[in-house]
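Given these sequences and hints, build the entire structure.
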Amino acid sequence: MCRRKTTKMKRSWQEATQDDSDLGEEDIEDWSSVASSILVSPSSKNTPQQAAFSREHPPLESDHSRTIVHIDLDCFYAQVEMIRNPQLRAQPLGIQQKNIVVTCNYVAREFGVTKLMYIADAKKKCPNLVLVSGEDLSHYRDYSEKVTDLLQSEFSSLVERLGFDENFVDVTSLVEKTVPGDQSLVEVKGHTFGPEGQVACICGCHKRMAIASHIASRMRARLREAIGITGCAGIAWNKLLAKLVGEKNKPNDQTTLLPGSEQKLMLSLGHARRIPGIGHSMNKKLESAGIVTIADLQRASYSDLEAVVGSQSATSMKNSSFGIDNTAVTRSGPPQSMSDEDSFKLCASLNDAKERMYNLLNSLLESCRLLDSLPEAEGIYAMLMIRKRWRTPLTIRLTIRKHSSAKKWLRESRQTQIPVSATEQIKKGIFTVHGPLMEVLLVLFKKMVDVEQSFHLTLINVCLTNFQAKSTFSKSLDKYFSKAKNIENERKSESEQGAADICKKTTDDSTNNPKVLTNQQDSNITQLFEKQGRRPLQTASKVLENKQNKLSFFTRKLPSDVKTTSKSDPHQGDGELSQGERDKTATLSRTRYSVEVKNDKPIDKPEGDISSETGPSFAKSDEVEKDFLVVTSSREQTSEEMSSSSHQSLEIPGNVDVTVFKSLPLDMQADLLREWKVQSTRDMAPEIKTSSALSSQPSTSNRRITDFFTRSKETR
DNA sequence: ATGGGTCCT
DNA sequence: AGGACCC
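Residue 82 in this note's numbering is what sits at position 50 of the first sequence, and the numbering runs on without skipping anything.
I should point out that these hints are in silico values taken from the structure, not numbers from a laboratory.
On a predicted model such as this, the values are computed, not experimentally measured, just so you know.
Any given hint could be a false lead.
[As the list claims (entries may be wrong)] Here are the computed lysine-lysine pairs in the BS3-like style, where the Cα-Cα straight-line distance is at most 30 Å:
| id | residue 1 | residue 2 |
| --- | --- | --- |
| 1 | 282 | 440 |
| 2 | 239 | 282 |
| 3 | 275 | 147 |
| 4 | 478 | 459 |
| 5 | 275 | 209 |
| 6 | 239 | 275 |
| 7 | 434 | 386 |
| 8 | 440 | 147 |
| 9 | 280 | 296 |
| 10 | 434 | 147 |
| 11 | 317 | 440 |
| 12 | 280 | 209 |
| 13 | 386 | 439 |
| 14 | 439 | 478 |
| 15 | 317 | 147 |
Printed below as a string of C-alpha cells:
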C-alpha cells in the first residue's frame, strides 16, 4: 500500500505538474482517495511546479522522509516533587494550585484522582492524598530545561519544546547516519501501533522507525539516568503522529507508528478536537458545520471546510485528519517572555493591587538577578563570561482579569517600554529597579482600571518581554553573520549532495530560500552569543548543581530567528535546505553523543524502584549503542585538534579552540582576551569558593566548553 | 479551573 | 491588544 500511488492520484499529480496555470483554483474534493492511499514521497521531489502545487493544495503524499520522536514526561509536576522528596513516591500525591489538583502521581490515580479535579473531590476519592503546592513553577521550569538540554545536547540540535513537559526531537539525521550492526536492532523496540507484516514501504521508513525506536529508548534511559525522570515516547515520521502515537502506552513507555497505520491511528482518536491545533473555537465552528469526528473531517469537502474555517485552517485540518503534517521541528530558543501571575477571589483596592504587583515584579526581578549572576558562579569559563547579561527585557506588560459574570476568562492587558534608565541598570546587572517599574505598572493599571470607582479583579500578571541582546559586540556580530551566511550557502550544497547519496534522492537547484538566513542558527557563533532565558529562584549551590544543563540549554535560537522563521508556511523547512541543516546537526550531535557514552556517569540516580524495560540494561546499553550507532560520515576530532590549543598563547585558556577563536571578529577577540586576563588573575586569588563545588565534575564542564568551540569547525 | 507559554492578526 | 493555540 505504501508502495505506489493510486492511479487516480497519479493522474492528478501529472495534471497538476503539467499545467500549473489552473492549479491554484482546483479543489481536491475526493479526499477519501487520499485516505485510502498511503503514498511514498520521494522526498527530493519539488520541481518549481510541484512546489507551487503543494503551496496551493494540501500535500497528497505521505512524507516519510523525516523521523520524529515526541517525548512526553509522565505527570510532570508530580514527578518533580517526588524527585525533590522521594518519600512522596509511595504516597498518593496531588499537585495543588489554588483550589484544584492540577496533576497527580499514579498512586493517586489508582484512587480515582485525576488532573484538574477540585481539591474537595480529590480528597473525597482519596482521603490520604498528600498535597504539594505547585503554584511556584520554578522547579518545574528547571527540570523542564534539563530535559530539553539533555535531548538537545545528546541526540539532536532540533528540539522543540511544547509546554514544560513535552519535546519534539527531529532525529532524521541521527537515524540516517546509523547503520545497524545487528539484525536484531532492526526490530522495533517497545510497542508498535498498527499490524505487523505490512508491505514494506520502498522509502525504507520502516527501518528508520525501528532505528528511531532504539534511539527513543535510549533517550528515555538517559532521562532516567541523568535526571531521574520518566516519560513516554512516540515515534513517527511527523510531529502530529509522533505525539498522538506516544499516548498509546502510558506511562513510562514508548510506541512506534508503523507506516501504513496512520489512518487507523487518526480514526482511533474519534473526536476532531483531539487533533492538536483544533481548539475550542475551531471546534465550535466545525460543529456548526456538522463536523464532529475525525472521520467527518476527512469526509468534509474542502470547499465546505474552507467556507467555515478559512483556507489555511482548512488545509492544515484536512492534512491533520489524515495524519499528514509537514511542519518542521523548530528549535525552541530561550524564552521569549517571563511572566508571573497570581489569581485570587478578590482584589478591590489600589493598595492591594500595588502589593500584588510588587510581589510579582519582585519575583521576576529576582529571577533575572539569579540568572544574570549565574556565570560568575561558574568561575573561570570564558563562554559564560561572554554570555553574561546577554538578554534584557525592553517591554513590560500588565494583564488583569476583571470579575464579570459574563466573560470570566477575559483578560485585558497594557504594555509599555521599560524606562531606559531601568534598562541601563539591568544591562549593568543591577536589578533593584522596582521603583521605576512599579511606576510604569501603576500607569498601565490605571489605563485599565478606574481607581476612583470600585473594582473587582481576579488576576494580575506581570510579564517582561521583547528581550534584547545586551551585546557590546553587535557591530562585529553583524559583520560576522553576513559572512556566515555565505559560508552556510556553500556548506548547504555539499551536504545536499551528501544527503542525496545517502538517501538516493535527487537534489534540486538550491534556490535562495529565506530559510537560509535562519540556518545560521547552527553556527556555533550564534550559539556562543546566545542569550539566557529565565532562571528560577535558587540558592547558589543549587545553581551550581545545575550548571551543566544551563550551559547548553541556552545555546539556541537568537531572537532574530523568531522573526525570520515562519511557521505559517508549513512547507518551509521541509525541503533540501533543512536537509542541509539536518546533515550538519547530525554530525554535531553524533560527535557529542559518542562523548557522552564514553564519559558520562549517571549524575543523579533516581530513588526508589526503577525497574522498567530500560532499567536493568543501563550498563549494557552503552555497548549496544556502540555496535548500533555507527556513523558513516562523522568527523571526529583529531588529536592534533584536541591539543592544538595547549601550545598557544598563554592568554588563551586551554579549553578554547584557537581556530574558532581566530575566526571571531578582532574586537571580540580583544574583549575575550581581556575577560580571560581578568579571570585568570581572579583565579589566582584565594577567594575561589566555587571551585570546590565545581571540582566534582570538572571534566564535564571543560568538555562542554570545548564542545562549544569545536562546533564551528563543522560549519566551516 | 492554574500558571504558565507560543505565535498570529 | 487581543485572540487563538499548547501544556
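Against the structure, the hints come out as follows:
Taking the CA atoms of residue 282 and residue 440, the gap is about 34 Å. The hint is violated against a cut of 30 Å. Using a Cα cut-off of 30 Å, the hinted pair residue 239 and residue 282 holds, with the two alpha carbons roughly 24 Å apart. Between residue 275 and residue 147 the alpha-carbon distance is near 19 Å, which keeps this suggested pair within the 30 Å criterion. At roughly 28 Å between alpha-carbon atoms, residue 478 and residue 459 fall within 30 Å of each other, so this suggested pair holds.
As the CA atoms of residue 275 and residue 209 are separated by approximately 24 Å, the hinted pair is consistent with the 30 Å bound. Pair hint residue 239 plus residue 275 holds up; C-alpha atoms about 20 Å apart against a cutoff of 30 Å. For the suggested pair residue 434 and residue 386, the alpha carbons sit about 16 Å apart, so the restraint of at most 30 Å is met. With a C-alpha separation of about 21 Å, the suggested pair residue 440 and residue 147 falls inside the 30 Å cut-off, and the hint holds.
With a C-alpha separation of about 12 Å, the suggested pair residue 280 and residue 296 falls inside the 30 Å cut-off, and the hint holds. Between residue 434 and residue 147 the alpha-carbon distance is near 26 Å, which keeps this suggested pair within the 30 Å criterion. As the CA atoms of residue 317 and residue 440 are separated by approximately 21 Å, the hinted pair is consistent with the 30 Å bound. Simply put, residue 280 and residue 209 have alpha-carbon atoms about 28 Å apart, close enough for the 30 Å limit, and the pair holds.
Among the hinted pairs, residue 386 with residue 439 is consistent with the structure: their alpha-carbon atoms are about 24 Å apart, no more than 30 Å. For the suggested pair residue 439 and residue 478, the alpha carbons sit about 21 Å apart, so the restraint of at most 30 Å is met. Of the supplied pair hints, the one linking residue 317 and residue 147 holds, its CA atoms being roughly 27 Å apart against a limit of 30 Å.
Hint 1 alone, counting from the list given before, is not met by this structure.
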